[in-house]
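Using the sequences and the accompanying hints, generate a full structural model.
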Amino acid sequence: MIPELGHFALILALLVALVQGTLPLVGAAANSPRLMAMARPAARAQAVLVAFAFGCLAWSFVSNDFSVQNVAANSNSELPLQYRVAATWGSHEGSLLLWTLMLGGWSFAVSLFSRNLPLPLVARVLSVMGLISVGFLLFLLFTSNPFERLVPPAVEGNDLNPLLQDPGMVFHPPLLYMGYVGFSVAFAFALAALLGGRLDATWARWSRPWTTVAWSFLTIGIALGSGWAYYTLGWGGWWFWDPVENASFMPWLTGTALIHSLAVTEKRGAFRSWTVLLAILAFSLSLLGTFLVRSGVLTSVHAFATDPARGVFILAFLAVVIGGSLALFAWRAASVGLGAAFGVVSRESTLLGNNILLVVAMASVLLGTLYPLFLDALNLGKISVGPPYFDAVFYPLMAPAAFLMGVGPVARWSAAPLPELWTRLKWALGVALAGALILPLVLGRWSPLIAFGLFLALWIFASTAANLRQRLASTPRRGLLARLGANSPSYYGMLLAHLGVGVFVVGVTLVKGYEVERDVRLDVGDSVAVGNYDFRFLGVTPAPGPNYRALVGTVEVRKGAQLVETLKPEKRIYNASGQAMTIAAIDTGLRGDVYVSLGEPVGAGGSDDIAGAWSVRVYLKPFIDWIWGGALLMALGGFVAVSDRRYRLAVRRRATAFDAAAAPGAAD
Amino acid sequence: MKPRTRRFAWIAAGLAALGVAATLVLNAFQSNLIFFFSPSQVVAKEAPQGRAFRIGGLVEPGSLVREPNSLTVRFRVTDTAQTIPVTYTGLLPDLFKEGKGVVAQGSIGPDGAFHATEVLAKHDENYMPPEAKGAVDTARKGMTMKSLHESPPGAR
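Taken in sequence, the protein lines are chains A and B.
The opening position of the first sequence corresponds to residue 1131 in this note's numbering, with each subsequent residue numbered one higher.
The opening position of the second sequence corresponds to residue 304 in this note's numbering, with each subsequent residue numbered one higher.
Bear in mind the hints are in silico, worked out from the structure with no lab data behind them.
As the structure is a prediction and not an experimental result, all values here were calculated from the model.
Please note: incorrect hints may appear among the correct ones.
Unchecked claim - Straight-line alpha carbon distances no greater than 27 Å define the calculated DSS-like cross-link-like pairs of lysine-lysine that follow: (1) A:Lys1689 x A:Lys1642; (2) B:Lys403 x A:Lys1512; (3) A:Lys1698 x B:Lys400; (4) A:Lys1642 x A:Lys1698; (5) B:Lys348 x B:Lys403; (6) A:Lys1512 x B:Lys348; (7) A:Lys1512 x B:Lys400.
If you want it as structure tokens, here you go:
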């Protein structure tokens, strides 16, 4: 009964979405307030219906209703409750329903927080989001019904893939989708601006917070996925340039460019067409990511189905959305205009540089991700593009972007005289250079790449400090606290996010520079020295788990004579599937991680001789947690920036914001 | 500068930057592509010498041998038509099993064996790496064709 109710709610949601996607749009064109006013209630009703359907599916999972095929295929009565809930989005169908739920949630939020916006804009934005929703609901109902019944019902479920039975599964997909789908709001605002022919600083101020929030969620989602892969796959890597990772990273790169481009559009009225194009691109890449991950084109842990009908549907949908929005752009971009001119050295030009670098980096990731698929589809052979390609391309492109991050925020809008930039930044440059020369020696080993990475990180820290100092000095208040309080949250958000990038760069540089990875064979009682540590293996003991049997190893980590930590890496065999899983044991610290994972028994007795020697993986990962810490700081910066009061001001300002700031200080 | 000259300068600078980026990207792309070969292709000497590539197929049942007191393993990868010996030093993935699909990256050594630097057998129990599946399917197709034309069934 409950699954049928869910199915029925989805059908109703489709009908409501059709209303939401068409009538307000017609109303905006025909200037009919009555039709336009339907946008908000329709969006809310649709969101509630989809949420109800999602609740029904979650209920089926929680109550172990194995007469639902989706539940029977992806859950098991032994599965702990939190993973039964997470299994709701563990399947192809469920994850698409989650996508649609997120879209509904964002639409609902737009309908709530749009009281200060002109009605035609709201109508158009919600209509565009409704149309996207129509596409996804059609897809769900016709090719991927999550409520499909199984006749006769299964006695027991198949189990969720053990790789997915992890707290990461509870948080990573929802947060990632929040971000992915959040770009639909920026996309809808862009299309609404094209349709209405009005794109100005006010428009940019309205769409900025939505974009920033989506970007922040995407940042957290990607960071969580990266951390999850680090501890769960037992390989100790934090980024593999796997096509599925790239699928989420491309919208992120474009979204980062979009945030900066929106800032210029709001403050200076410039970059208008470019901003619109980026908004279209960011969401298109989100859809492309969904296509890549969900269609089974990439066979990986994320791909659940290899059903051609689904692939064709998403591809067609992709073609309609991207083709349609680009056609609209080509047709209407002229009405939007290019915006104000600016000097060769100015804040605009540094932001333009950063935008170009980000988009080129995105394009290079896209090439590396799609090229093997094209070759395979054309039967020209099977190839893979590995991390060396991405490393060789990505870092050289991002290094100048990181450098520009130091220059941009202290440069004046419109024209920034070089001598002034030099005065403002010479100390930062000196500090960064000196630190880059000395720090690697303190840390152990000097190499040009480590020095360069540290230079970039220190440069970001020092130039951010210089920026803050100069900003406070020019704030017309007395006393440090008053001056700190006089600056806007969006300014501090920017600083925080930039510091996050610096922290991230420190992490990447030091992990790449100083990590130690050793695979060793250890008999019980053996020890091995890695770095400054001594690892003694004390054997494994069996231990029961809720739905698996585990073998828990004991490894004592000593530094000199002192015991630092006793690590307990696990090897699990899941009851339902018989699949083995490696759970690494990690001693996490600000200065780095000690990482131990079990391989397999390699003693004389063969693979069943668990009391004998084991292959063991011992890693030292200096400063690796700075990578995720940096990403969290970036996201936090985004949330702080959005708390700025000016995004909630009811007063409509003048359409152009040239009054916003002539002084560099007032601009953020 | 006049606005038009300035715009021209911008476009020129943009194109130059894109040109540099494109060169960088394509250069890295060329030198980092990793090609895939099936055991049959390797035996037919189609695989490059002295360059890393990937092979895929099934781990031949009964072929896994561990060297004592080290992490070196030897096994054979088969596409059911041809078989290649592989050596690898390190930890094998959880889902590495005899009779299951595997993809290995490495190069052919002087001893004629494939020296793997990486062994991939991830994902779930029933999952077959697409490359491995392709190799086996192709070999089986070739074999049925061959067996129809040349040899009586069961002669292999």
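Handout entry: Hints violated by the structure (listed by number, smallest first)
Key = Hint check: nothing fails, all pass.
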